[in-house]
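Based on the provided sequences and hints, a complete structural model is requested.
Taken in order, the sequence shown gives residues 1 to 176; the numbers are from UniProt numbering.
Quick caveat, the hints were computed from the structure, so don't treat them as lab data. Keep in mind that a hint or two might mislead.
Unchecked claim - Pairs of lysine to aspartate or glutamate, DMTMM-like flavour, derived with a Cα cap of 25 Å: (1) K72 - D33; (2) K125 - D166; (3) K88 - D118.
Since we're looking at a predicted model, the values are computed, not measured.
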Amino acid sequence: MSDYKEYQRWLELVRLIELPHWDDLPNFDLYMDQVVALMTEYTGPLGLEAVTPAMVNNYVKNKVIVAPTKKKYQVMQIADILLITLLKQSFSIQEIRSGIDRVTASEYPKQAYDRFIDLVNNKIKHMGLSRPDRNANNLTDQLLEAASNMIVDQLETNQLVKAVKDSKKHQPTKIK
Numbered sequence: 001m002s003d004y005k006e007y008q009r010w011l012e013l014v015r016l017i018e019l020p021h022w023d024d025l026p027n028f029d030l031y032m033d034q035v036v037a038l039m040t041e042y043t044g045p046l047g048l049e050a051v052t053p054a055m056v057n058n059y060v061k062n063k064v065i066v067a068p069t070k071k072k073y074q075v076m077q078i079a080d081i082l083l084i085t086l087l088k089q090s091f092s093i094q095e096i097r098s099g100i101d102r103v104t105a106s107e108y109p110k111q112a113y114d115r116f117i118d119l120v121n122n123k124i125k126h127m128g129l130s131r132p133d134r135n136a137n138n139l140t141d142q143l144l145e146a147a148s149n150m151i152v153d154q155l156e157t158n159q160l161v162k163a164v165k166d167s168k169k170h171q172p173t174k175i176k
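Pasting the structure below:
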């Protein structure tokens, strides 16, 4: 099978992935090993770096997520860990925490999370499909298209992060 056909096959499989909405996350407390296994289940098929106990402990130590209660993690922490896993490919952990805080300053965490997951799921579902700006029919063209989109999207996202950071409306809450 050619590399391009393998890539197309991968795209078909990835498009079937759907990240969980808030109500689909476990509504009971989880221990660390259960959180790590759950994150692997959610993000492993996307090819993202596996979440480790050391990472989660680091998030707690640096107040990026709320500390667990009696070593158990709740839905809010699970949602935060999933968001961090998705976003850390492009942003620092502190930028992610700040962004989550600013978005949830004007919207309930569940609503903001579900809205973001809907956007990501929609992007995943349409990954690699024809777009007006995409005329790729081989791996090199596909790579150039994806990389150029990533750069433009990153530039736009950086500007939006700056605008939200400077906004009086989106003031973050502090994690204790």
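Pair hint K88 and D118, alpha-carbon separation not exceeding 25 Å: Holds, at about 19 Å.
Restraint status (C-alpha distance of K125 to D166 at most 25 Å): Not OK: K125 and D166 at ~33 Å, beyond 25 Å, violated.
25 Å Cα cutoff - pair K72, D33: Answer holds: K72 to D33 is near 10 Å, not above 25 Å.
The structure fails to meet hint 2 from the earlier list, while all remaining hints are met.
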